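Asker: Assemble the whole structure, with the sequences as input and the hints as a guide.
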Amino acid sequence: MKQLFYIGILVVITLSFSFTTKPYPIDGYESTGIKRLYQIRKMQLDSVKYNRIPYGAYLGLKDIKLNLTSVNDSINQLLVEDKDFAKDMNRLFPGSGYSASIMDMSNPDKLRYAAYNENAGYQPGSVGKLAVLLAVMDQMAKICPDSWEDRTMYLRDIRVSARYWGTGDHHTIPIYDIEKDKLTKRQVVASDEFSLYEWLDHMVSVSNNGAASVMYREAMLMAAFGQDYINLTETAAEQYFKDTPRDSLTNLAHSVVNDPLRQLGISEDDWRLGGMFTREPGKYVGRKGGSIGTPKGLMKFLVQLEQGKVVDEKSSLEMKRLMYSTDRRIRYARSSRLDSAAVYFKSGSFYKCDRNKDPNCRAYAGNVFNYMNSVIIVEHPNNVKYIVCLMTNVLNKNSAGAHMYLASKIDDIINKDNNRFKEEVKETEYKSDSDETDD
Numbered sequence: 001m002k003q004l005f006y007i008g009i010l011v012v013i014t015l016s017f018s019f020t021t022k023p024y025p026i027d028g029y030e031s032t033g034i035k036r037l038y039q040i041r042k043m044q045l046d047s048v049k050y051n052r053i054p055y056g057a058y059l060g061l062k063d064i065k066l067n068l069t070s071v072n073d074s075i076n077q078l079l080v081e082d083k084d085f086a087k088d089m090n091r092l093f094p095g096s097g098y099s100a101s102i103m104d105m106s107n108p109d110k111l112r113y114a115a116y117n118e119n120a121g122y123q124p125g126s127v128g129k130l131a132v133l134l135a136v137m138d139q140m141a142k143i144c145p146d147s148w149e150d151r152t153m154y155l156r157d158i159r160v161s162a163r164y165w166g167t168g169d170h171h172t173i174p175i176y177d178i179e180k181d182k183l184t185k186r187q188v189v190a191s192d193e194f195s196l197y198e199w200l201d202h203m204v205s206v207s208n209n210g211a212a213s214v215m216y217r218e219a220m221l222m223a224a225f226g227q228d229y230i231n232l233t234e235t236a237a238e239q240y241f242k243d244t245p246r247d248s249l250t251n252l253a254h255s256v257v258n259d260p261l262r263q264l265g266i267s268e269d270d271w272r273l274g275g276m277f278t279r280e281p282g283k284y285v286g287r288k289g290g291s292i293g294t295p296k297g298l299m300k301f302l303v304q305l306e307q308g309k310v311v312d313e314k315s316s317l318e319m320k321r322l323m324y325s326t327d328r329r330i331r332y333a334r335s336s337r338l339d340s341a342a343v344y345f346k347s348g349s350f351y352k353c354d355r356n357k358d359p360n361c362r363a364y365a366g367n368v369f370n371y372m373n374s375v376i377i378v379e380h381p382n383n384v385k386y387i388v389c390l391m392t393n394v395l396n397k398n399s400a401g402a403h404m405y406l407a408s409k410i411d412d413i414i415n416k417d418n419n420r421f422k423e424e425v426k427e428t429e430y431k432s433d434s435d436e437t438d439d
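Taking my numbering as reference, the numbering of the sequence shown is continuous, increasing by one, and the terminal residue is 439.
No lab work stands behind these hints: they were computed from the structure. Keep in mind it's a predicted model, so treat the numbers as computed, not measured. All C-beta atoms in this analysis are idealised placements derived from N, C-alpha and C, irrespective of residue type, glycine included. A portion of the hints provided could be inaccurate.
The list that follows gives simulated cross-link-like pairs (lysine to aspartate or glutamate, EDC-like), each with its CA atoms no further than 16 Å apart [what the hints assert, rightly or not]:
1) Lys110 / Asp84
2) Lys35 / Glu179
3) Lys42 / Glu30
4) Lys42 / Glu179
5) Lys110 / Asp73
6) Lys288 / Asp259
7) Lys283 / Asp243
8) Lys283 / Asp327
9) Lys49 / Asp327
10) Lys409 / Glu423
11) Lys314 / Asp150
12) Lys35 / Glu193
13) Lys142 / Glu313
What follows is a set of in silico ranges between Cβ atoms, one per label pair, in the way DEER data are often shown [what the hints assert, rightly or not]:
14) Asn382 / Tyr240: 50 to 58 Å
15) Lys422 / Lys65: 24 to 32 Å
16) Asn107 / Asp358: 45 to 53 Å
17) Gly282 / Lys83: 42 to 50 Å
18) Lys83 / Lys422: 41 to 49 Å
19) Tyr240 / Ile178: 48 to 56 Å
20) Asn107 / Tyr55: 22 to 30 Å
21) Lys110 / Asp354: 43 to 51 Å
22) Glu429 / Asp247: 21 to 29 Å
Answerer: Put into structure tokens, the structure is as follows:
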């Protein structure tokens, strides 16, 4: 049963340290209640060696800022190619199966934009979970239009269970027991109960599909019940899904995640989300319209996020914090060129194998389709900052290595003064971690 309660802080962590070394900033436990952050922060304060994340993953809450709040131009005015910049970028892409959009925002007064086949549509995979994140923030703003503090309180203190919505996904989630100082990684089960903040973190940081469906469900309930949502019980919520016609629920699901995108000037052909991320909710909520994403559509979202225009400025900043990578980095974000940089990252993949054509067709190397997508905001300590949206569909090849190689080459162009004396990066075989997935 969902219940609203106020978490008593089990251990108070002092924040008066002079250094700023902190998927949500590590010093964000007290404000969010995301338990996995407590463990990493405690290890940091106790000087326990932690090799899972690079230097750039240790920013604190106060260090994360929006980069384009001073830029008031419309998104269509901003996404105009700089010919010289585009020429440098376009020579990096090998051709068919690649699409990208790139924004250098190191100097907000002189933005540089480049695009390569940026209007091509791809199945966005887990990148689409950012639309669920937007839906939740949009609905919270409607429930608490006059108080950001109330919104974050509800995100921290409202707890909901997975039920059938969150099951059936192979991705694991980190579950940290503060009292026992024990971290467990396992799949979501129906009885799991977490705060809204923790479900959002599971959705973004480890890309759990069950968490995405749970938060998709909660966004629908917020839209259906309005301010009554904050006291909604699990029984009443489930009864709502039983009593409401399936086509009405499908239409609500479609509107709650897609309408906020349209309000940002992101068209259906730019980016749309067609339905839930797990199968079980399908008995109540159908799919509609299919899912598609383009590099330009995703760039429209990220640039306006940096402008503070996604819902509002505080919501934009909070979404950026939730995208901040403090877990192991994969694919594009794993490039060694980015080790000292803060990265705000989401990747996704979707592939299909025809075993009749190739019995040995491998995961992430589909021979029917093989989508791999990376969206990232990169912020180097030397104030070089940029956004990349890279989408590929290259058959019979795991493109993670190509993404990592392109990350290095793009960084070499934008961050050339810093990288000019570094050893040249060459594309090598990409070796995945044993638990690395981001479908």
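Asker: Hints the structure violates: just list their numbers, smallest first.
Answerer: 8, 18, 19 and 22
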